[in-house]
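These are the residues of each chain, in order.
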Amino acid sequence: MERDSSQRSTTTPMDTAAPSVEVQPVIAAEASAPSAPEPEPRAAQSTLRLAVFEDSYSTLRLVMRTFKHQGHEVDHFANLDNASQAIASGRYDALIVSDTMMGGAEACQGVIARVRSGPDTATAAIPILALTLRDDASRRRVLELLGASATLSEPTDARLVAALSAAIDHGTTAVPALHGKPRVLLLEDSYSLSLLLSDGLVRGGRAVEHFATPDHIIEALDEGDYEALVFSQNDLPGQVSCVQLIEHALVMGQAGAAKPRIFVLTDNMAPDNVNALLRAGAERVLHKRNSAQLGNLILSLLDIKPSTPSAMAEIDDTLVAPVAGDAPPRSPTRSSLPYIAALAALGLLAGGGFAWQQYGVKPRVNVVNAELDTVARIISAGGNVVSKRQVELAPALTGQLYHVYANEGDLVRKGETLATLDNREATINVRRAEAQVFRYRTELNLANKALDALRAQAGPDSSPQALLDLEKDRALAVAKLRETEQELSAAKLALDRLSVVAPFAGVLLQSFAIEGKWVEAGVPVFTLSDLDAREVVLRIDSDAAGEIAAGQKVQMTADGALGEEWEEKVLRVVADSRGSDWTAMGPSALVYASLGEDAPLLQFGRRVNAQIIADTVDNAVTVPLEALTTRDDKHYVALVNDQRIAFRPVEVGLRSLSKAEIRVGLVPGESVALSAAGLRDGQRVDVAEVD
Amino acid sequence: MFNRAVILLLAMLSSVSTRAATTLEVGYVPILPMAQLYVIEGEGWAKAAGLNLRKTPFAEGPGIVQALTAGKLDVVYFGIAPAMVARSKGVDIKVVASNIVEQVALIARGDLTLYMLRDPATGLQRFAEKKGRKPRIASFSPGSVPHAVFRHWLLEVAKLPGDRVEIVPMGAGEIEQALLSGAVDGASILEPILTSVAAADRSAKVVLDGAEMMPNQPGAILAVRGELIRKNPQAVRQLVEMHNRATEFLILYPDKAAEFAHKALSPDNAQLSLESVQKAIVSPYSRFVADPYRILESTQTMHDFQLKTGVLTKPVKLDQLFDTQFFAQITEGR
Chain A
1 MERDSSQRST
11 TTPMDTAAPS
21 VEVQPVIAAE
31 ASAPSAPEPE
41 PRAAQSTLRL
51 AVFEDSYSTL
61 RLVMRTFKHQ
71 GHEVDHFANL
81 DNASQAIASG
91 RYDALIVSDT
101 MMGGAEACQG
111 VIARVRSGPD
121 TATAAIPILA
131 LTLRDDASRR
141 RVLELLGASA
151 TLSEPTDARL
161 VAALSAAIDH
171 GTTAVPALHG
181 KPRVLLLEDS
191 YSLSLLLSDG
201 LVRGGRAVEH
211 FATPDHIIEA
221 LDEGDYEALV
231 FSQNDLPGQV
241 SCVQLIEHAL
251 VMGQAGAAKP
261 RIFVLTDNMA
271 PDNVNALLRA
281 GAERVLHKRN
291 SAQLGNLILS
301 LLDIKPSTPS
311 AMAEIDDTLV
321 APVAGDAPPR
331 SPTRSSLPYI
341 AALAALGLLA
351 GGGFAWQQYG
361 VKPRVNVVNA
371 ELDTVARIIS
381 AGGNVVSKRQ
391 VELAPALTGQ
401 LYHVYANEGD
411 LVRKGETLAT
421 LDNREATINV
431 RRAEAQVFRY
441 RTELNLANKA
451 LDALRAQAGP
461 DSSPQALLDL
471 EKDRALAVAK
481 LRETEQELSA
491 AKLALDRLSV
501 VAPFAGVLLQ
511 SFAIEGKWVE
521 AGVPVFTLSD
531 LDAREVVLRI
541 DSDAAGEIAA
551 GQKVQMTADG
561 ALGEEWEEKV
571 LRVVADSRGS
581 DWTAMGPSAL
591 VYASLGEDAP
601 LLQFGRRVNA
611 QIIADTVDNA
621 VTVPLEALTT
631 RDDKHYVALV
641 NDQRIAFRPV
651 EVGLRSLSKA
661 EIRVGLVPGE
671 SVALSAAGLR
681 DGQRVDVAEV
691 D
Chain B
1001 MFNRAVILLL
1011 AMLSSVSTRA
1021 ATTLEVGYVP
1031 ILPMAQLYVI
1041 EGEGWAKAAG
1051 LNLRKTPFAE
1061 GPGIVQALTA
1071 GKLDVVYFGI
1081 APAMVARSKG
1091 VDIKVVASNI
1101 VEQVALIARG
1111 DLTLYMLRDP
1121 ATGLQRFAEK
1131 KGRKPRIASF
1141 SPGSVPHAVF
1151 RHWLLEVAKL
1161 PGDRVEIVPM
1171 GAGEIEQALL
1181 SGAVDGASIL
1191 EPILTSVAAA
1201 DRSAKVVLDG
1211 AEMMPNQPGA
1221 ILAVRGELIR
1231 KNPQAVRQLV
1241 EMHNRATEFL
1251 ILYPDKAAEF
1261 AHKALSPDNA
1271 QLSLESVQKA
1281 IVSPYSRFVA
1291 DPYRILESTQ
1301 TMHDFQLKTG
1311 VLTKPVKLDQ
1321 LFDTQFFAQI
1331 TEGR
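Just so you know, the protein sequences line up as chains A and B, in that order. Under the working numbering, the first residue of the first sequence carries the number 1, and numbering increases by one thereafter. Under the working numbering, the first residue of the second sequence carries the number 1001, and numbering increases by one thereafter.
In case anyone wonders, no lab produced these hints; they're calculated from the structure. Heads up, a few of these hints could be off.
To be verified - Listed next, the in silico PhoX-like pairs over lysine-lysine satisfying Cα-Cα at most 25 Å (straight line): (1) A:Lys553 to B:Lys1130; (2) B:Lys1089 to B:Lys1314; (3) B:Lys1231 to B:Lys1047; (4) B:Lys1263 to B:Lys1055; (5) A:Lys414 to B:Lys1130; (6) A:Lys492 to A:Lys517; (7) A:Lys449 to B:Lys1317; (8) B:Lys1256 to A:Lys517; (9) B:Lys1231 to B:Lys1089; (10) B:Lys1159 to B:Lys1308; (11) B:Lys1047 to B:Lys1256; (12) A:Lys414 to A:Lys388; (13) A:Lys553 to A:Lys388; (14) B:Lys1089 to B:Lys1055; (15) A:Lys569 to B:Lys1130; (16) A:Lys414 to B:Lys1159; (17) B:Lys1231 to B:Lys1317; (18) B:Lys1055 to B:Lys1256.
Looking at chain A on its own, in the form it has when it is part of the complex:
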């Protein structure tokens, strides 16, 4: 099946360092002394396809000869467009560029910048060895900053091989490194979260294939085997849902291949949603909130051996313990049908089922201990950065707009000129007045110096006339200076009245300014929003509004603010004046939260995710939310004692996003099954402790 390669990004342990401008491999390449016996460089170990962008005969000959002698395939490009297209094709393992080519340093840098800023992550991460004639640190630093994986001056055969090895060690293509590494398929449409996850997984030795849409995931599943699937739940109308995707993944797994382990990331930790995902076949459902730790968390889960098939993906509705009976029955899938048939057969064997349960294969159960912890009642909400202060800016005079310097959406500084009427004559007048002021200021300085010198030398025989002349000059300069300063003030005022200036730093929310447009005095042409008066407005269900009050803590994250989490406070809660007509989600309320010094610098309109901490209980007995199950509106946990399951009713208090407070029914240290799905009272199990 054909797939658009631009949709796919593949990451391996090596490429995390490759495209970054933080890489500092230059010294490694430069320091590689060819004379000393060294381990064979990587560049010499396997056949590589190298693209060389160079047109200087001597350098090209050396590069071609050296690497062909090493057994590599070397293609030569002398044209920037051809080289860029060839790299974009993904056929090459490394690129060698040189600033000895026609166009010199700029052409060399141009190709590096173009490759590094290419749309495809894999090809943009290609290792680049930059050859430079100039052996100076700043030149190498420039190449490095632009994205060279390694640099080399004064190339020789041996130094070239060593430098290419260094380049590949610091930045390599994905393809060769993919082989033999466990593959993880990642569905995540947030760029920042996908970067964090990929980074964490890659550091753990996984090759990560990342897609942003379920359709691409389905195509990828058709083609390859994966150790694990990490799906970010973002069920959008018209798209395959996460539950459907899990079912598809389990049905479509390659014949004979092990079933992939499935982890779901979600913002919706409501028990109904979590149970649905677990029943579909997810091994764990994780909250997206701790985005910075998610990669490591998934890695640690991958390191835990998965439960036996009977306890995992093959769990069927017919085996679900009654305590989990509140979940809606799931429609049979291709994977579940054989098990339904098998169970039907089992059911025919009266008494055999009891014997199988007591003495047959015991399911393996992940167990956690109830522990004392703080539980916080958290209300999740999304919102946007808004401004408390907005002003409309208008010209002071009527006229035609001559220059417009700022556009809608632009950030502007305090005092910045946004637009001017025709100010050419006024500018000339200011320049002329300034020239006179500077001239007389200089003359006054000279007069003062001369006067001081004369006074210092003055003796009894000094001529009083000389002193008088100098004082007269000085007085004249003072008078001229005052006069010209007044003229300058008037000229500046006239010039200022022709300009529209930002009174404070902010963002231009609206602009009606077009060069040549006739504008009236006092009629606004810009709307400016204050950058210092930002706050966040969050929209919540009106039912939850009663739980929220000014002063409560709010944990915030923002899309694109890589893993950054900061704390704010609720400022006020108001009813949403747009009411239920505005949204199909029903009545809502608006929560205004602060945006203080700890916040990243977010522009207006930026999407923010908030967790409002509505209530907290310290030293509560807690279990993970997944450990709770309900029947007849009562909560239970599956207690694990002596490798036997015993369902126990509990009274649940506050719930956080991941934990529940158990007010009655459990004491710290007691073990409960992490998931009660498929378990029965009295059932014998194998226990796997989970940290």
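With chain A held as given, fit chain B onto it using these hints.
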């Protein structure tokens, strides 16, 4: 009326034809801040005044200093920094006019823009704290005006330690590439790079203008050999008068001036587009000012700073570097 114009024209032609043209060897660095030279040439004022300007472009200031030392040039359009160097080497030159002031600005891009927009000094520090690394600021090599102006702001205005940022020296083309590729967080640089980068990258923004970094900072200047002043002061006066007229022309007729500059800087239309030159000329960061008085104090400030930071190895007597008499004469009573 028509007869009077014809008579005047004939008189002018007669005056030019009977007077032998004075040839002046002009060295210049072909960059936008030398725009007055392109206007004088484009408008044909020099020829009309009986001056034959024989222009030689130099890649950078030090080449002009060498040519001056060798006695090859009469008139030079170059930077105030190499002018100081030339004077310190004993070359008898006088700065007779300024071309531009406050031409260097700090443009930030990416996250650094937001950090520096409100308060540049604390913004730099907060960027380093939040990002865990120093901001990377590109500029020309140490000794250049853009480098000196940024260091002056950092050390003398913001009062920050010099190691608070990483200053990466580059050429002009490299700086533009580095900004657009995100390899650096900002640059202390001049037009037309400020305009072209801001047009290509919406996160790019001038966060410190020239006046904030060093008020009245000197940049490109017009200087003449002392010998020319002594032998042909009338030619120097004419030159300064044309230079001043060209400065006002740049403000009054920026589009026409841009055509002249574009023709001079990008004759084959490959290096710069006409539109980018037009935008750069009317940019708020292109302050064309001919007044040499205006840069007297700021040149002293820059001189003292360069001396203090070791870029200048010995002091230059600046009162011998300037000759303001010609500008005073032509602007008397205006």
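Hint check:
Distance restraint check for A:Lys553 and B:Lys1130: the Cα-Cα separation of roughly 22 Å lies within the 25 Å cut-off, and the hinted pair is therefore satisfied. Only pairs whose Cα atoms come within 25 Å are accepted, and B:Lys1089 paired with B:Lys1314 is accepted, the gap being roughly 10 Å. Using a Cα cut-off of 25 Å, the hinted pair B:Lys1231 and B:Lys1047 holds, with the two alpha carbons roughly 20 Å apart. Of the supplied pair hints, the one linking B:Lys1263 and B:Lys1055 holds, its CA atoms being roughly 14 Å apart against a limit of 25 Å.
Taking the CA atoms of A:Lys414 and B:Lys1130, the gap is near 24 Å; set against the 25 Å cutoff, the hint holds. Between A:Lys492 and A:Lys517 the alpha-carbon distance is near 24 Å, which keeps this suggested pair within the 25 Å criterion. In summary, the hint linking A:Lys449 to B:Lys1317 is supported, as the alpha carbons are separated by about 16 Å, within the 25 Å threshold. The hinted pair formed by B:Lys1256 and A:Lys517 meets the criterion: a straight-line CA distance of about 22 Å does not exceed 25 Å.
The suggested pairing of B:Lys1231 with B:Lys1089 holds, with an alpha-carbon distance near 22 Å, which does not exceed 25 Å. For the suggested pair B:Lys1159 and B:Lys1308, the alpha carbons sit about 15 Å apart, so the restraint of at most 25 Å is met. Distance check on the hinted pair: B:Lys1047 and B:Lys1256 sit about 19 Å apart at the alpha-carbon level, within 25 Å; holds. Of the pairs offered as hints, the one joining A:Lys414 and A:Lys388 holds, with about 17 Å between alpha carbons and a cut-off of 25 Å not exceeded.
Annotation: proposed proximity of A:Lys553 to A:Lys388 holds, straight-line Cα distance about 20 Å (limit 25 Å). For the suggested pair B:Lys1089 and B:Lys1055, the alpha carbons sit about 24 Å apart, so the restraint of at most 25 Å is met. Restraint check for A:Lys569 and B:Lys1130: satisfied, since their Cα atoms lie roughly 21 Å apart, inside the 25 Å limit. As the CA atoms of A:Lys414 and B:Lys1159 are separated by approximately 21 Å, the hinted pair is consistent with the 25 Å bound.
For a cut-off of 25 Å, the pair hint linking B:Lys1231 to B:Lys1317 stands: about 23 Å separates their Cα positions. A hinted pair counts as satisfied when its Cα atoms are at most 25 Å apart, and B:Lys1055 with B:Lys1256 qualifies at roughly 21 Å.
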